Structures are given as structure tokens and as C-alpha cells.
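Full structure from sequences and hints, please.
4 protein chains.
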Amino acid sequence: MMMPVNDPRAVGTGGRRRADVRRFAMADPGDVSGLRAAIDAGEIDPAAILAVIGKTHGNGLVNDYTRGYLRLSLAHLIAARTGRSAEAVMEATPFIFSGGVEGVLSPHYVVLSATDAIEAGEAPSLAIGLAFTPDLMPEDIGRQRQIDLTAEAVERAMDQGGMAPDDVRFVQVKGPAFGSADIQAAAQRGRPCVQCEPGKLMAYGRAASALGIARALGEIPFEAATAAALLQDFGLWSGRASCSAGSEVRANEIVVLGLSDAWTGPLTIGTRTMVDALDLGALVQLAEDLGLKPAPQVAAADAARIRACFVKCEPQRDGLIRGRAHTMLNDGDIDAQRHIRGAVGALVAGVLNDTALFVSGGAEHQGSDGGGLVCLIIEQPPAPGHPQS
Amino acid sequence: MMMPVNDPRAVGTGGRRRADVRRFAMADPGDVSGLRAAIDAGEIDPAAILAVIGKTHGNGLVNDYTRGYLRLSLAHLIAARTGRSAEAVMEATPFIFSGGVEGVLSPHYVVLSATDAIEAGEAPSLAIGLAFTPDLMPEDIGRQRQIDLTAEAVERAMDQGGMAPDDVRFVQVKGPAFGSADIQAAAQRGRPCVQCEPGKLMAYGRAASALGIARALGEIPFEAATAAALLQDFGLWSGRASCSAGSEVRANEIVVLGLSDAWTGPLTIGTRTMVDALDLGALVQLAEDLGLKPAPQVAAADAARIRACFVKCEPQRDGLIRGRAHTMLNDGDIDAQRHIRGAVGALVAGVLNDTALFVSGGAEHQGSDGGGLVCLIIEQPPAPGHPQS
Amino acid sequence: MMMPVNDPRAVGTGGRRRADVRRFAMADPGDVSGLRAAIDAGEIDPAAILAVIGKTHGNGLVNDYTRGYLRLSLAHLIAARTGRSAEAVMEATPFIFSGGVEGVLSPHYVVLSATDAIEAGEAPSLAIGLAFTPDLMPEDIGRQRQIDLTAEAVERAMDQGGMAPDDVRFVQVKGPAFGSADIQAAAQRGRPCVQCEPGKLMAYGRAASALGIARALGEIPFEAATAAALLQDFGLWSGRASCSAGSEVRANEIVVLGLSDAWTGPLTIGTRTMVDALDLGALVQLAEDLGLKPAPQVAAADAARIRACFVKCEPQRDGLIRGRAHTMLNDGDIDAQRHIRGAVGALVAGVLNDTALFVSGGAEHQGSDGGGLVCLIIEQPPAPGHPQS
Amino acid sequence: MMMPVNDPRAVGTGGRRRADVRRFAMADPGDVSGLRAAIDAGEIDPAAILAVIGKTHGNGLVNDYTRGYLRLSLAHLIAARTGRSAEAVMEATPFIFSGGVEGVLSPHYVVLSATDAIEAGEAPSLAIGLAFTPDLMPEDIGRQRQIDLTAEAVERAMDQGGMAPDDVRFVQVKGPAFGSADIQAAAQRGRPCVQCEPGKLMAYGRAASALGIARALGEIPFEAATAAALLQDFGLWSGRASCSAGSEVRANEIVVLGLSDAWTGPLTIGTRTMVDALDLGALVQLAEDLGLKPAPQVAAADAARIRACFVKCEPQRDGLIRGRAHTMLNDGDIDAQRHIRGAVGALVAGVLNDTALFVSGGAEHQGSDGGGLVCLIIEQPPAPGHPQS
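Chains as they are written, first to last, in numbering that gives the first Met the number 0: chain E, 0 to 388; chain W, 0 to 388; chain U, 0 to 388; chain B, 0 to 388.
In case anyone wonders, no lab produced these hints; they're calculated from the structure.
From a predicted model like this one, the values you see are computed outputs, not experimental measurements.
The reader is advised that the hints may include incorrect statements.
Same chains, same names: a pair is fine if it fits in one copy or spans any two.
Taking lysine to any residue pairs in the SDA-like style, the calculated list, with each CA pair at most 25 Å apart, reads [said to hold, decoys possible]:
| hint | residue 1 | residue 2 |
| --- | --- | --- |
| 1 | Lys199 | Thr270 |
| 2 | Lys199 | Ala26 |
| 3 | Lys292 | Ala185 |
| 4 | Lys292 | Gly280 |
| 5 | Lys292 | Arg321 |
| 6 | Lys292 | Gln379 |
| 7 | Lys199 | Ala119 |
| 8 | Lys199 | Pro381 |
Now the structure itself:
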């Protein structure tokens, strides 16, 4: 995606940018009333919307159409309010949705926008960068091409957002998923996919995206990010990557979040890795990092400062957790990702006192085996004597 | 179940009883190798086994046959080691199994046994009492007869275990479930059930058992425990009841646990109610009550003293949790009980550093709407200077 | 829905109408490329579209959002091609979608349109009538008001389509479904629903719609169509009703299909009831009625004349089928409706040599207990010597 | 399994054998009351039982424990009636159970037994042969060793049953399945499995068994039965193989059925392949082959002669069926095998007028891609003037 010179998102000369992050509940994936009201009340400039990340009602697997439904609904809303076409909105805006609100989780979407800062303020503050890869074909998924294109796109997004690799706290990628018909068609074109099972191909796609991110952030050596390592060498991972896949997109859509002096405003961001699905300590530590005073649960008044929370998790591959067996990988009725999202989501919700969490499974190479990460965006309280702009 | 005079479980003249609680993992519901090894090593006297409570691999719903499978497996093992028939073992021993090890939970069973105490020790200690109602027909489920018979049986079990109502910490009931064929047959006999849907009839059965317990423990007035209140007046509840249902039993099988001066030994028990599925505070408080020093997670060395943990939970009926929507009650793919078990189970596991938890859904009248309870049996460390017998 | 005088669907003075029925495959519920291409090729006049009936990818239960997704997608397409707003299209057009393409079934939608006939042709031919009830509240579902409003709307639709009750072959109703939040809200307004479980409330809604239809078609006495009979007296049923429910609509949307001398063209329609899910004979008989020469499977050349097939089915309530047990009603992993759709759908597909079938479960009062109906729209071959217009 | 000289199943000198096949319904996998009653009524000699093939209530996937439950239940019954131990019964008797009674299917088990013929009768008649491979490790599954051992065992079973390859009508294999813990353990022993996902490893096991059968029956060249072809070259298949896998067995247990002059009695057997899941013609043809007079459904009186029906089926791999899309391979909520069993089971039930069918998915190399087979055992009517013995 090339940024046109008159793009409203371009950074003003000499100025700083200010990120806004707003979270909306939805009754169903066609319910965009929250954003509509915020736009109509002048709280959000629809032309300033950079990306939307959301957690929808579906199963989060190949046949989850709630992601596409929300995407279409938001695109039509933003199109109507900006005068662009829905197609143009979809093409320019990463809509990154993950299905599955198991257990206590609550369906919602997070709208990321940016405006030129009017006045000075805290820095570094939350920074946002975007990029898209070219469209990917079924046969590209889980192959070197996806790794390379993702790494390059992450670099462009960092550059756009004014972040160096160490400034980055979270990289979200949404890449394409393909059903069995597409996979068969690729084979018949003489371009067989790395996997013929749709769910497994999704896993390869997440894995390739993760290694691309890890390479761009310098978490692994350049030469380690190879297709041969995918789903094989789980010692290679990113502690800041969150990758998902869905049939509603055709390119890897990338959102990079971090801290940058080029951005100002009250929002800040932090990330912690979880060593496994019971890593309550990491969650409490992250809340403490950001001044939320968990005891061990964050009080409601502090929880109100949470603007977004992104979690990545996965069942441990040896079928164990702290030495005892879990059953997630053998279950023919409930997919392993649905199990782990419900479990880790509840643990995070218990600490944060908040259930509108973006919890995504399929953490191949995103954290250590059985582990994952948690990223939190919060509004900082105004410094004493310095009223917040 | 009348206790014959020569019953090995009868309390010795003038003596005190000593409870033992042992937990075993299982690879599948036919795997009773853990108990077999413990019996063969002389660690458990098979004739002293009072009851077994377990969490099996199935869905925990009407068509969960893993409960019956484990029951048959254990009955044959105990029969072979005691010289009784498997049928006699099943008739005399409450085997209370709940299906569903969603998320991080681990399949296991807890063997409760009691022997005459050889020497003096701490008191009060963990006390156990058992009782069975007469067999229940489909048309009895969720009716006054089930409430009354349960209340009376709980009283007999308290009496047997040497506990007054205030001594009781936990009452587990496993009652019968019936499929659609049984329900239809009852209607054709002129005895229609209170509900024709099997899953809903299970809910009525749990509700009736819970109000019977609440009445026996004095938690609600005698006259409040009416069939009319079942699944209607959710202000009536027990804070110490855990009720489940399964097609493998035909009577309400009842195990009462508490503290009593008539029992000795290192085991103790505590219970806390959870106000909702995010009540992390209650879990931490319970761990503190029992000296497990959560920070907020219990350290592995202390977690090793956990002998059993029983949890009851349920989705909040208004579809909300702390003001945000959950989707558990509208999900046609995953039953609401599977959702909530996975969520609350993970929260408890996160605090206790233990995944072999008996987490059971269907908490109608067992805790407040959307809430539940947690009960923990632990081994107390020996008092300084007083080596443990 | 009042028909404005300049409505393109109004029957021309002295003239006859001609129905068209076109079926389109879809890759996902956002894929309306089939209809788009047909409109753009001039094969379908978007302003002549009366209704769309479709079978989408979801589970067909409360949390199936694929229906709403397809509705939004079609509404935007038709809006773009007619110059109306998407909201206006949704308000005026019955979009009747049922989720669940279990087994061999294929996702698709059927577009019903009508134009003034240009030249004389066969009669009677396929006739179409539409009507909407006023919006229904959660507390109206499964109550007398829904029965009465449905019966009255069916009468209006018959009138609009030029059909007497005996001319009617099929009545499709799509009514509203509500989730637990709506149901709770109704109770808090002092208007409790007839059922608090969302899935069960859907069943009440289908039942009320079915008795309304049966009354309007004269299949049951006027006074028999009472709320008290709903889900109780299964001896009351319609042999031509197909009712479904979904959260994406707020009124009962009604499409009546039959034969009428006021309509011309090559399309005809037939219906047969199935006595149970194994009623292969009824399927073969229907194919024979319409000249498809099943042997027992319809040959591909004849199957190509099928324009639409609507099936309604349901598990037998006593848990038996021809004396043997089925397990559909006791299954906690797969809903009974998903089971029966997959089974009956395969049987119909086997006879018709066609898998793009609208097979809908939840046949309460729509056919006898455990039975259902099959309705087929086909193109008749041109009469010898009379080339088809 | 070597047959000891005093084995009750050994063929008498100079005599012929007589097979009996009896089918029993079960309320749950612990319900063996049907066989118990037949034994106690003297209708079945428990010592003459050769094998039991059954369809149980579970999901038919890795975590289906209903197979093990029925196995344990039958073993204890047969042990009690023969004086052997349950372990000895399990070791000597193929108990081949497949989970999944989707749609109209009915849980049941088929008891195969054989006795020395007392008097002359029809020949050829139904013949039975058994064999076991040595125990298989996780790393053997889907490898050449499993192919070779299966082929050799099928040859032994044919020999035991007095059948040449062309006499064989049906070969049922039940082989071991392993969960993720076993698979991980194998890798840690330095013996990685061909697949680390449990469900996919089951597929490899079925595939290897199928090619072993095809080789033994001469359906494919000896040298074509290679591990490299498994799940790759779907042009290699057996038209008489039915393979399943489950965690309750450790060897490939093999039952060969066919026609042989060494056997007598009224039972006969036939098999047809289905080219795809809509091959209604093959089903009708098979019923005609065996004189059941389908029109197109077999009348109840003729259906009463059915003793067993075995079906194998599978979703077509390109996601199509007769050119239209199916969704079975993309469904994250219901496994593809559950879909196809429900669909094909209904089609077979519709023709045969019988729902107690052994319908098994996972037909890799068992029939062509998307196809399968149907095998029917029936009782022949007595020839006119020749009363049946």
C-alpha cells in the first residue's frame, strides 16, 4: 500500500502525531452502532481511522464468517461517513478480526486512529504503523515468500510509525486463509500448497508471519527465518508477534504498535510474554508495569483506563501443563484453539477486571511452546499539576 | 443404603477416624492404574474406600459416557481387590464423576477413604459422611420428592460423619440423568417429567438437590425448599453444595465433607463462594485461609499439599459479566457449561498452580447467579516440634 | 408492508405475471457474485426481485451470523443496482436464510422474481405472494399474537399472489430469534417470554408460525390454532409450512408459493409430506409427480431442470425411528437440528441428484412428529410443437 | 494370534463350519443386556464368539472413549459366562468399534460366532476368518511395517476362514490410535511418528491398513503397497476394506468375511462400491443382488432379514460433490467424518429400511476418493421345499 501524498494519515511536517484507541462492544458482527455513534458525536474522525482490530462471535477457524461480516459492516459505515467506497475502505484499512469469544470473553472491536497533535504532551507515546504485503496465493502460505514479504512489510510499518525495532511492543498480522477448494485449485495449477488441510495451512501461515516479524524486530537472526523452520523449530519465536488468518483477506495486513517520541498523548503500551497458560505472574507484572495496581485484580477504576488488550496463547505441544496432562490437542468436539482462548482469556480477565480482550490462539512461533504474550494499551493518568490535554 | 453392623466404615467404639484423600491422574476413563498401584503398594486399603470423585474426559452433558466407563473400571478394580462383586461395589460406593476437562484442566479422580485412627493427632480434621437416597424415577427429578429425599440423606450423612450443619464445608451430590427415551416412557406411563428436554431435566435435578442441601444445612428456611422455586427463585442457594447428574446413577449419591473433632489426621478443608466468574479475590482468599501463601499464585512446594479441589460455576443468566456481554448462553456449538468450566477452571488453576481440579458447571442454586464456590482439601504441615504421624 | 401503487411488483391490469426462480452458489456468505453477474448480464431485473431464500454456512442456531451476513451482502448489491438504500431493500424484501449445510449439502441462495408476462403461456404456473407481519417483540414469540399475525399475513400473501388456500404448495416464514440478553430485557420490562432459553424460544416461534399457516390454509380449524397447543399438541400441523427463525429479522417475513392461473411461464411446483426421516418413497413420488423420472435417482439431465428444493425435517420426539433408537436428542456436541438436516438432506440429494437444497430443521407442527415435507420447483419441458417462450 | 490346538474355534475334521451373526441394540456403551439375554437363553454359545463389530455413541475421533467402554463391558460379560478372565477375552477377540451414530443411525453391536455345522446345508455360505498383527507402536502407524503386517495378517485370516482372495467380500481392521502424549513420547525416544497431530495419524493408520488389505486381496500390485503412496496416491484402493482406529487397541485386529464352501448355513454376504456419497444406485443394486427387492426402499419384511450392514465413506477431497461445493472439510465445529457418516448413513438407511448400520468414515484408500463401500449380511429365505435347518 503506497501512501498518497495527500493521505490524511501522513505525518505533518515538524509535528507529532497523536494516537487514539477506542473500544466498542457489539451485539453481533453486523452491529457497528458503537462506532457510528462515536463518529456522529464527533469523537472519532472517520478519515483518521487507521485500523480496526476485533474479536468476533465465530469459532475462529476456517469456517468463521463473522470476521468477514464485521469487516463488511465497518467498511460500509466508514464509506458512508467518508464518501469513499466500501471497497476502497477495505483495501486501505487493516481490519484484523479474530473469531472466538470463549468463556467470559466479550465481542468487541478496537478502533485505532491518529491525528496531528495540536499541542505538546507526553512522549514517548503510543505509536502506530501500518503496512500490507502484496496479495498472497494459497501456495505462498507457509513458504519463504510469506516470511520475506512479512518482514519487509513490518520494516515499512515501523518506518511509517517512527519506531525502531526496540520501540515496538506488538505486531499484529492478519493473513489469508484458504478452504479446501482453493487448496485443490492451487494443486491443479501445479502449485501445491505446503499443506492440504485448511486448518493446518492456517497454522503454517501464522508461523511464517511470526518468523517474518521476529526477523524484522531482530529477535532471531536474519538467516534463521526459513520455511524449513516453520512448525519444526519452536525455539525460534517472537515475543511481540500476534498472527492470525482468515478467508476474508488476501494479503498480510500488518499493524505495528510501540512507543515513539514522534507521537504524543496519554496512551502508552506494554507487553509481557507468558511462559505457559498458567503464568499468572506475568499478567500481574504487566499490570504493575503500567501502574494498574493489581491486588491481584485491578480495581474497577483502574480497569476503566484500559483501552485495549491483545493476548496470544496456545496449548503446550507435549500435551502437558506443569507436568499434568491437558486434553486440548485430542479433542474432536472442541478445537484446541477454542479451549486455550477460553482458559487464558479467563486468567487475563481475572487480573485485569475486563473481559473485552482480544485473545487469539494459534501462537506458533509467537512466544515459547505453550506460552504466549499479553499486550496492554492504557490511558495514563495526568501527571500532577499537568492537566491532560 | 443401610450400614450393616460389620461395615468396615463404622466408627470404632470410643475412637476417632482418620480420613485419607488421594488424587490420581488417568490417561483415559479405563485407566485405573494409579489406584491399582496404590492398593498394591499397601498405600490404600481397598476396603476402606468410601467414595471416589472424579473429572473425566467427556462433555459433561447427557451423552457423556466417560463417567460410566470410569465407574465400571473402578468397580471392577475394587471388586477384584476386595473379593466383592463389581455390582456390590457400585451399589455401596458413591462414584461421583463429572465430565469435561476444558482448557487447562486435567482428568483425574480423588479417592476418599477412612480408617480408625491409631494415635492421637490434630482435631478437628477432615470428616466424611455418606448417604444415598432411594432410586429416583425420571418423573421424580426436579420435584419435591427429590428435594425432600436429598435433605434427609444429607442429614444422615452428617450424622454418620459426626458433623453438625455448621461443620460442613462441602456437599457433593450425584443424581440421575435420563435421556429422551426414558422421558418419553415416563410420559407414556402417565407420569410426565417436569421437562422433556434431557439437558434441561438435568438442570432441574441439580436444582432440586441443591435446595435439599441448603435446607439440610440450614442455609434456607425449611419451607423455602419447594419445587416451585426450582430454576425460578435464584435468590435461594447453598454456598456449600455441588450437584451434578449423569445417566450412570439411579439415586442421589451424597458425600458430605467438613471438619469434626471425631476425626483426626493432617487433612483440613476450606470453602469460599465466588460472586461471579471473575472473583479472583475469593480464590486468593481461600488459599490464604489455608496457609498456601498465594503471591498471587501458590508456589509449587505449597501446591504439592493440595489433595483435592472442587469448584462449581455457571454463566450469569443475564448474559453479562461485570456489565459486558458474554456469549455462553447463545452458543449452539459449545454448551454453556463447557465454556464456564474452561474459564473458571483456568482462573482457579492460575491461583492454585494445579490443574487437577474438579470443576463442575450447572450451579443452579449452588451459589448466587453467575457465581459458585471453591472447596479445597489440603495437607497441613506438621506443627513445629510435633512430627506428623 | 404496504404495496405502493407504482410498485413494480403490482399485477398489471388484465395481464398475467411470470415468475422466475434462479439458484446461485456462494463461496461464503459475502459472495454474491452469482447474482451480480446475472444482473449485470441482464438476466435478472434487480427491481423485480421479490424475495431470496438461502442456505448459509453457519450452524443454523441462535449464534449463526451467516444469515445476517448474506442479507447485508445482498442488500448492498441490490441497493447498488436499483438506486435504493440497503436499508430500504432489507425492509421491503424477505431475505429468508437458514444456516446449516451439513453433510453433502451445498450453500446457495434462490432468487425469486416476477415480471409482467409478455406473451401467453402455460397456466397455471408458479405463483408468488409476499407479506410481512408487524415487528414482533421477544414476548410475542410463541404467543397467540404471533399465530394471529402470521395467519393474517399469509392470507394477504395468498391474495397478492392470486392463490386460494388449495392452490398453495409452500409457505416459508422467517421470524425473529432473540438471544439471552433480549429475553432478560423483556422480563425486566415486565413482559417475560414464554421461554428463557434462546434455542427453545426459537422453537416456540417456529411453532406459532406453523399453526398460523395451518389456520390460513384451512389445514386445521380456526379455533385449534391456540398458543396452548404450541409444542404440546403435535397432532396439529401443516403439510405446506416451513418456518425458521433468526436474529437478523424482526417481523415474520412470509413467502407463499403455489400454482395460479394468474401466472404463466414454464415453472411449476409440487409438495409431498414425509412421514418420517426415512420416507424415501415420498421423495421418489414427488420426483415422479413432476415428471423427473427417478430410477430411483433422477438423471443429471432431468436434475438440471430443478430450480429450487425446500425441505423441512425434524428428529422424532420419542427418540426412535422405525422402532430403533436414534441419538439426536441427547447429543451435547451436535445439535439435533444439525443431525437431522444432514441425514434428510442426503436422502433428498440422493434421489434428486442435487445438493443445493434448502433443508431446514425445527419442523415443529410442520408435518407430523418426526416427519416433514419436500417442495420442488422445476422448469417444465416445452410441450411438443410448442416452443417455450 | 496363533490358534491353539484345542481352540473351540478350530474347524472340525472333515466338517463344515456355520457362522452366526446377531445384532443387538444398546442404550449406552455399558449396556450389554442384549447379548447377555441371548447367552442366557442359549441362543449364543459365549465360547463360540469370534468377534464383535459395533457402532457406539461417541464422536469416532481420538477422544472417543465409548469404544473402550463397550469393549470392557463385553469382555467382562463374556469372561463371566466362559470362565476366562476379561483380559484373556480382550486379547483373543477382535472388538472392533467405531464411534459416531450421526443422524438416523442407531447404536448397536454385531456378534459374529461360529460353530461346527450339525447338518448339511447351503454352500457357499458366510465365512469368517480372524487374525491379529503384533502390537504396533506410535511410530509404526502409517509406515511400511503396518502395511506389511496387515497384509500378512489378512492372508492368515483368509486361510483360517477357508477363503481365497476372490471369495472375500469384506475386511474389517481396527488398529491403534495414539494421543498427543504418546506421539510426543515416541519422538523423545528418537522414533518420531509420521504425523504429530493425533487425528491425522489415525488417517495414516487407516491408509496403511487399507493398502495392506488391497495387497493381500490382489487388488493392487504387491509393489504398489508402499508407505510413500499413503494419503498421496488415491488411485490405489481396496473395494472391500474397512479400516478404523481407536486408542483402545494396540494391534491391528482383523476380521475377514466372505463366502466359502467350507461354511454352511443360511447367511450370505454381498458388497458394492459407491462411487461417491450420492451413489444411490449402488445401494439399490446391492439390495437387488441379495434379493431384497428394493422399490426403492426394502420392505419391512425383507429388511428383517438383514443381519449386519457395514459402510465406509468419506468426503470428496476436492470439496465438491457432483460439481457442487460441500463444506465438510472446512468445518471447525463438526468433524468431516461426522458429517459424511450422517449423510451416507441416511442414504443407506433409506434404501435398506434399517438404521442399525455400521457406518464408518475415514475411507482413505478404501474405495475411490469421495466414494466407499457397502457390505450386507442377510439371511437367505429357505429354498422352496427345502426347510432351513
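Hints, one by one, checked against the model:
no.: 1; hint: Lys199 - Thr270; result: neither (28 Å within a copy, 35 Å between copies)
no.: 2; hint: Lys199 - Ala26; result: between (31 Å within a copy, 20 Å between copies)
no.: 3; hint: Lys292 - Ala185; result: neither (53 Å within a copy, 39 Å between copies)
no.: 4; hint: Lys292 - Gly280; result: both (13 Å within a copy, 14 Å between copies)
no.: 5; hint: Lys292 - Arg321; result: between (28 Å within a copy, 19 Å between copies)
no.: 6; hint: Lys292 - Gln379; result: within (13 Å within a copy, 32 Å between copies)
no.: 7; hint: Lys199 - Ala119; result: neither (48 Å within a copy, 57 Å between copies)
no.: 8; hint: Lys199 - Pro381; result: neither (47 Å within a copy, 51 Å between copies)
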